[in-house]
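Protein chains in written order, with the numbering used here: chain A, 1 to 415; chain Y, 1 to 201.
Keep in mind that the hints were calculated from the coordinates and are not lab data.
For glycine and all other residues, C-beta sits at the position ideal for the given N, C-alpha and C.
Mixed in with the good hints, there may be bad ones.
Okay, the calculated beta carbon distance ranges per label pair [to be verified]:
hint: 1; chain 1: Y; residue 1: TYR26; chain 2: A; residue 2: PRO72; range: 55 to 61 Å
hint: 2; chain 1: Y; residue 1: ILE197; chain 2: A; residue 2: ILE412; range: 52 to 58 Å
hint: 3; chain 1: A; residue 1: MET368; chain 2: Y; residue 2: PRO61; range: 21 to 27 Å
hint: 4; chain 1: A; residue 1: ARG358; chain 2: Y; residue 2: PRO61; range: 37 to 43 Å
hint: 5; chain 1: Y; residue 1: GLN59; chain 2: A; residue 2: HIS298; range: 38 to 44 Å
hint: 6; chain 1: A; residue 1: THR218; chain 2: Y; residue 2: ALA109; range: 28 to 34 Å
hint: 7; chain 1: A; residue 1: GLY415; chain 2: Y; residue 2: ALA73; range: 34 to 40 Å
hint: 8; chain 1: Y; residue 1: LEU186; chain 2: A; residue 2: GLY415; range: 23 to 29 Å
hint: 9; chain 1: A; residue 1: THR218; chain 2: Y; residue 2: GLN59; range: 38 to 44 Å
hint: 10; chain 1: Y; residue 1: GLN59; chain 2: A; residue 2: ILE412; range: 22 to 28 Å
hint: 11; chain 1: A; residue 1: ALA275; chain 2: Y; residue 2: LYS98; range: 25 to 31 Å
hint: 12; chain 1: Y; residue 1: MET131; chain 2: A; residue 2: THR218; range: 28 to 34 Å
hint: 13; chain 1: Y; residue 1: LYS98; chain 2: A; residue 2: GLU160; range: 19 to 25 Å
hint: 14; chain 1: A; residue 1: LYS366; chain 2: Y; residue 2: ARG55; range: 21 to 27 Å
Reference listing, derived: stretches of chain Y covered by chain A, where coverage requires no fewer than 3 residues with Cβ under 8 Å from a Cβ of chain A [stated by the list, open to error]:
hint: 15; stretch: 128–140
hint: 16; stretch: 157–166
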Amino acid sequence: MILPEFYDFCSRAKIVSGQNALEKIPALLAELDAGRPLIITDPGVENAGLVDVVKQAIARGLESAPVYSDVPVDSDYHVVDKIAGVYRENQCDAIIAVGGGSVIDTAKGVNIVVSLGGKTLLDYQGAGAVRNKLNPLVILPTTAGTGSEMTLVAVIADPERREKMLFVSYFLLPDLAVLDARLTRTLPDFITAATAMDALSHACEAWYCMEKNPLSDTLAFQAIDLISQNLLYVIQNPEDTQARLALANASTLAGAAFSNSMVGMVHNLGHSTGAVCHVPHGNCMAALLPYGLEYNLHRRDEIIGQLLLPLAGPETYAATPRHQRAEKTIALIRQLNQDLHDAIGGRHPRFLSEIRDRDGRRLVEKNMLPKIAEKALSDGARVPNPEELLAEDAQMVLEHAWQGTPLDRTKIKTG
Amino acid sequence: MNRFTPFSTAPADLGHYPEIRPKTSYFRKAYIAVMLLVVGRGLEAAARVDPTVRRIFEQMPDGFCLCVGVGPAGPWMMAKKDKKGRLRYLGWHPRAAKAHLRLTIKNLASAMRLFTFQESTAQAFNYDRFMVEGSLPQALAFMRALDRVEVYLLPKIIARRAVKRYPGNSELPGWKKHFNRIRIYLRAFFPDLIRVIYKNI
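Model the full structure from these sequences, guided by the hints.
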């Protein structure tokens, strides 16, 4: 265990996990002095019938809960302001967010406006603008991957300025996150795989990047353990609610880990690829994770080697010589991508060049790689990465990740 | 009667409770002030000599104003992109003009760790030693420029501690490193330094 000279850690959301956890929401809201929540969700979640599941579960304890179900994929501050109006019209006193990253970030934005009394979210831009306790916020994640229920960040677009506004405050942490397998049971297999690989990348980067600390290590270790034991099983047995719940827990654990120890180059390159090519985040993470481990191997050999224990179990860990553990960890993650690819009939991309849209068009073209590499310089996730990652380094990694070939170790600059 | 009477209503003798003020370490303040002057002048010179640093400041908006210092009471360093697009070191007074990017090291002790190279810039950032007011991409770009300047200004044995990766020969050939180092030192400290100090006093 490495005890850093300095670290800070804060994770104060109450987590409720279980097969019938949704039914607990009315009582838990009452503890927070709230009884009329606004449910915020998106059309996909509503069409999947998940809002009905939630309403049915909370019906006994709550009179009514109005629903706003038109959150778009890339939510912006106009949507936030509109939902704030709906909240006030209905005299709500809490928010229940049902969905993935976009819905959760939108709900956090709405909570800022309705709690602090402003007209628009734009009034609260900038670091440190949110300094007061907000209204009760309950998050029900419907994907097992983003970990947004444990983060203190909300990213909301400003379409006029064509930029994404970042809101960071400990007050953005929800009061309550409820994990119930009914919410992820209908998730298609390729999204289950991509989001779980996102959670795995959160946990791995929290484990080996520069801000690692004993508390985030503990959470990351357990998250990796749960993912390695349950991911392939869930793909083969999608109706197994206990395994689904295990993945949801892994995502939350990984979310708590990375929101305190930050992430590195896998997310750095993933954010930039997403921004340039509009690629689903989980697919980028799956393709880039082995390369992040490989690139940092010379600085973090011992630490990456320790990941073999939660990934492969104690027998394999004990049977593998110490100097081979890091290499074996990377090989196992590549194998996991391959197994998911085979289990889902090729819909899980192993490399960047395999990521395609619904019509089968390739989303990341090779000529986009220099632009992605340049954009990566402006992303905050490059700072906690153990090895320096400049534009030419990023491009080298991206070329290998695009082709699906292991990194040429002689090209990694070690200083 | 008990000697210890915690609920006594007698008025406290405030003369026995003087306000404790933290001691100001003039030596540490002076050291940081000199280091900020060296960094500021080094940045100005490197922005003319080194293509990487030049490109970083070329991408900043016109009139870009940078303020780096130690909270709450300084010392500070200010630099600005002039009308010709060149970075100019303005001195150690935080001017009224609003800086586009203000990087404040939270206290003198953290600044000492950074400027005595016990911590690299990236590590200090990870340890939350900085407060950033302004654009994060611009702050990251400034950090890259600062790393580059430290490579030029410091001997290798110290610079290795200050930056995440000391550039090897494939990144920055040795002859070029030494040649640029001489040019940056000459530009930063000989023709102009007296003028800058005179202007700021």
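Here is what the structure says about each hint:
no. : hint                            : result
1   : Y:TYR26 x A:PRO72: 55 to 61 Å   : holds, 57 Å
2   : Y:ILE197 x A:ILE412: 52 to 58 Å : violated, 44 Å
3   : A:MET368 x Y:PRO61: 21 to 27 Å  : holds, 26 Å
4   : A:ARG358 x Y:PRO61: 37 to 43 Å  : holds, 39 Å
5   : Y:GLN59 x A:HIS298: 38 to 44 Å  : violated, 31 Å
6   : A:THR218 x Y:ALA109: 28 to 34 Å : holds, 29 Å
7   : A:GLY415 x Y:ALA73: 34 to 40 Å  : holds, 37 Å
8   : Y:LEU186 x A:GLY415: 23 to 29 Å : holds, 27 Å
9   : A:THR218 x Y:GLN59: 38 to 44 Å  : holds, 41 Å
10  : Y:GLN59 x A:ILE412: 22 to 28 Å  : holds, 26 Å
11  : A:ALA275 x Y:LYS98: 25 to 31 Å  : holds, 29 Å
12  : Y:MET131 x A:THR218: 28 to 34 Å : holds, 29 Å
13  : Y:LYS98 x A:GLU160: 19 to 25 Å  : holds, 22 Å
14  : A:LYS366 x Y:ARG55: 21 to 27 Å  : holds, 24 Å
15  : 128–140                         : holds (count 7)
16  : 157–166                         : holds (count 5)
Violation of the numbered hints given earlier is confined to hints 2, 5; the remaining hints are satisfied by the structure.
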